[in-house]
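J.: Residue numbers (my numbering), protein chains in the order written: chain A, 1 to 248; chain B, 1 to 248; chain C, 1 to 248; chain D, 1 to 248.
The set of hints was computed from the structure by calculation and includes no laboratory data.
It is possible that some hints are incorrect.
[What the hints assert, rightly or not] Simulated crosslink set (DSBU-like; lysine-lysine; CA at most 35 Å straight-line): (1) D/Lys207 / C/Lys70; (2) A/Lys45 / B/Lys144; (3) A/Lys207 / D/Lys70; (4) A/Lys144 / A/Lys217; (5) C/Lys45 / C/Lys234; (6) D/Lys70 / C/Lys70; (7) D/Lys45 / D/Lys234; (8) C/Lys45 / D/Lys45; (9) C/Lys144 / C/Lys207; (10) D/Lys70 / A/Lys144; (11) A/Lys70 / A/Lys207; (12) A/Lys70 / B/Lys70; (13) D/Lys144 / A/Lys144; (14) C/Lys234 / C/Lys70.
Protein chains: 4
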Amino acid sequence: MEDISITFLRDSEIDGEILIEGLPGVGQVGKLVADHLIDELDAEKIAEVHSIFFPPQVVIDGDGVAHLAKNEFYRYHDGTRGIIFLVGDFQSNSPEGHYLLSDAYLNAVEQMGVTRIYTLGGYGVGHMLDSIRVLGSVNNIDLKESVEELGVNFPEESDGGGIIGASGLLLGLSAQRGMEGICLMGETSGYLVDPLSASVVLEILCKLIGVDVSSAKLHERAGEMEPLVNHIRKMESAPTDEELSYIG
Amino acid sequence: MEDISITFLRDSEIDGEILIEGLPGVGQVGKLVADHLIDELDAEKIAEVHSIFFPPQVVIDGDGVAHLAKNEFYRYHDGTRGIIFLVGDFQSNSPEGHYLLSDAYLNAVEQMGVTRIYTLGGYGVGHMLDSIRVLGSVNNIDLKESVEELGVNFPEESDGGGIIGASGLLLGLSAQRGMEGICLMGETSGYLVDPLSASVVLEILCKLIGVDVSSAKLHERAGEMEPLVNHIRKMESAPTDEELSYIG
Amino acid sequence: MEDISITFLRDSEIDGEILIEGLPGVGQVGKLVADHLIDELDAEKIAEVHSIFFPPQVVIDGDGVAHLAKNEFYRYHDGTRGIIFLVGDFQSNSPEGHYLLSDAYLNAVEQMGVTRIYTLGGYGVGHMLDSIRVLGSVNNIDLKESVEELGVNFPEESDGGGIIGASGLLLGLSAQRGMEGICLMGETSGYLVDPLSASVVLEILCKLIGVDVSSAKLHERAGEMEPLVNHIRKMESAPTDEELSYIG
Amino acid sequence: MEDISITFLRDSEIDGEILIEGLPGVGQVGKLVADHLIDELDAEKIAEVHSIFFPPQVVIDGDGVAHLAKNEFYRYHDGTRGIIFLVGDFQSNSPEGHYLLSDAYLNAVEQMGVTRIYTLGGYGVGHMLDSIRVLGSVNNIDLKESVEELGVNFPEESDGGGIIGASGLLLGLSAQRGMEGICLMGETSGYLVDPLSASVVLEILCKLIGVDVSSAKLHERAGEMEPLVNHIRKMESAPTDEELSYIG
């Protein structure tokens, strides 16, 4: 078997200008945004990715049918241009696999004509948030202004800050191919799946790609999680034992 | 040396319709079922598998003779068709090795003519059980009804449940080759080797493959373990210190 | 660079009948025996092994000179036949590397004409010993009697006992090449480098290969360690707190 | 993609006699020295190294632009000869990668004509230091005297001392190519980035390569860290609870 195989589900040529990546990560923010867009736009599944670098397992679907661990490409065409989505439940098992998978993804989308890549993720801050900022990075300084204008914050890290996994590598490796890359990360506690953070990222992304979709379902899901979120907030704001001893 | 080598022990062509996999796993349930069938049917050893993906060791047999870590294929022919067994003491050391070994197993049995695969395992529940259910999965929805009719439960997992290792991968990878795959998992505590769970899986499997073997030896072994099982049950049902403090 | 390279230090053909392996392991027993034999027989270094599977480091010698991690082959010729030694400070970093290194060692010695392999090690028992047994294993049942006659014990393990690393793999992999393999393991606490256990293994090995060397230096080194050994013995025989509470 | 790629930033042939390696390590001593020399000498960046053996991530620069994990070669020419620098934020993820990266670095600089290599690092001692020694190692005994004359100490380790990672492997692997290699390690606590230790290593290195640069900036940075260093010293010299109980 090949280390990585991408199986296309139709014969006709696939063209696309834009790739949107939303693989699993902190708060599942990127995954929530990409899955939501695929649902709302009714994007078509065009390919499956299997790899020895994924965990060695099958996943069971709602019918009890087992499917090999995989990632998937979807495509939506708005009449003018194609938008490709890269989604799934897995990232690589190994550092080397991360590189080789990202490279294989880029080989596939470069052939489709993709010239711009959006990678999506969460940025864990370690506490509950009152307002959610979207942090960004680009693989080319010329892209920064247009993203900054939409209110995205660019962390100025002098020393060593980084983006790990596919969201980072797709940015770095695509630059070597002359592709433009933008990463959007929604701030999130890191404790929970975070549809609220996803909705904020979605809003920015929609402006950047000129697509209009409702974020109602993400807000709905965020609403369902509110009791849990409030519970954690209360625990955070309670004084710790040590603080109490000063009071006492 | 090759990464994986399968050495056949006879020259003549080997044909088989069915593969039954019982490699080590939770409660050794799959291994117990497959080893028991090989014993009862007096199946013939036909091949040995060696691999750099197995642990780097030899095992010592009852005579003090060292043998390289290996898995084995056995075969039983009932006059009409061949049944191939895949058994042994080892699974892969690495995620990549799991894929490559499962692929090599499928290469071998596809050449024999195998079109259906049964993978066997245990399903750990974390407590002692009063009655043992058999859980199932298939790699093709058309297989489900015939398995369900025998009382096998199909977990409907909406999110991420999976089967790890050879039992899962053989199902997933064989689907890509057009082979039918059925996984049977006996519920088990996960604390002990579980011949009782194995006997329940055996019963279902025998109906599925139309073979009649006694499960007496598995029940015998389960009987020998009863004192230990009862001891654990007592510990489970004893109130914990915390519960006692409420009583006290 | 090659994954594994064996560099011979002289051009002339090297012949040998016997390989003695003494790489690092429990109590350094195997290493002590092989290094001692090389010293006493004044064996000649004939080759160095380098590999990406060794730890990524250099070792510093007494002059402050750095040398790449390596294993070494030595050779002693007694007029009739050559004895090859495999020694060094390293085993593989990875399971796969263990297999590939052992295979490379066998390629080298098979070309020299080696037909019998002795692998040496320690067998950790977890407590200080009053008398030291030598445990053995063979890769061919026909070899057992001659080894047993010298007082070597063959553990009869019905289920899963094994020998890990080069000492095990050389036995298992050489059987596939038709070579004879004998493993000798000196019982040892596993807490300390154990020259006494090495001296007992040496005695058996010398009888097996028909070589006569003094074990004085091993006993000398064991003598130097006696105060430490006695200290640990005292700690072992002291009643534990729990035992004391019964007495009290 | 290639496992390791070295991309040169100019077409003309690059020549150099000396390689100075300063990759990350204990106290960042080697990195501080090499980065400082590049700054002071205004060395030119000549190549970038990317590899699947680096961590799978991008780093974000001060502008918010993402760059693939990489190491870099710089070059300074003093009119007579070229000095090549190997610097960056990463070492390999895996033992095998350490070997393969070091081998690739040597391939590159051997083609430039490099015949001597200086590898730089820190030597962690586990406590704060009043005076800092420079420890050295060489890959050829003939190099020792000239280094010792400058006050460098050569540890005489009889048993197993080593240098791990690129600083060690470049020494060991370059010897096989007939290159001269010298490793300089500044003693350092191991707790902190240590510009003071770097300044001491710098002084020795400058004498060895006949280059004159100021260490003012390293001393400045060391000065900024003094309050933190003094705080740790106080904690070290405070009696521990156990010692206090004897006094009490």
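J.: Next step is simple, just say for each hint if it's right about the structure.
T.: Each hint, compared with the structure:
Proposed proximity of lysine 207 of chain D and lysine 70 of chain C is supported: the alpha carbons are some 33 Å apart, at most 35 Å. Our distance criterion of 35 Å between C-alpha atoms is met by lysine 45 of chain A and lysine 144 of chain B, whose separation comes to about 25 Å. Restraint check for lysine 207 of chain A and lysine 70 of chain D: the C-alpha separation of about 33 Å stays at or below 35 Å, so the hint holds. Proposed proximity of lysine 144 of chain A and lysine 217 of chain A is supported: the alpha carbons are some 30 Å apart, at most 35 Å.
With a C-alpha separation of about 42 Å, the suggested pair lysine 45 of chain C and lysine 234 of chain C falls outside the 35 Å cut-off, and the hint is violated. Restraint check for lysine 70 of chain D and lysine 70 of chain C: the C-alpha separation of about 29 Å stays at or below 35 Å, so the hint holds. With a C-alpha separation of about 42 Å, the suggested pairing of lysine 45 of chain D with lysine 234 of chain D is violated against the 35 Å cut-off. A hinted pair counts as satisfied when its Cα atoms are at most 35 Å apart, and lysine 45 of chain C with lysine 45 of chain D does not qualify at roughly 45 Å.
At most 35 Å may separate the alpha-carbon atoms for a hinted pair to count; lysine 144 of chain C and lysine 207 of chain C meet this at roughly 15 Å. Only pairs whose Cα atoms come within 35 Å are accepted, and lysine 70 of chain D paired with lysine 144 of chain A is accepted, the gap being roughly 22 Å. The suggested pairing of lysine 70 of chain A with lysine 207 of chain A holds, with an alpha-carbon distance near 30 Å, which does not exceed 35 Å. Restraint check: the Cα-Cα separation between lysine 70 of chain A and lysine 70 of chain B comes to about 29 Å, which is no more than 35 Å; the hinted pair holds.
With a C-alpha separation of about 53 Å, the suggested pair lysine 144 of chain D and lysine 144 of chain A falls outside the 35 Å cut-off, and the hint is violated. Between the alpha carbons of lysine 234 of chain C and lysine 70 of chain C the distance comes to roughly 39 Å, so the proposed pair goes past 35 Å and is violated.
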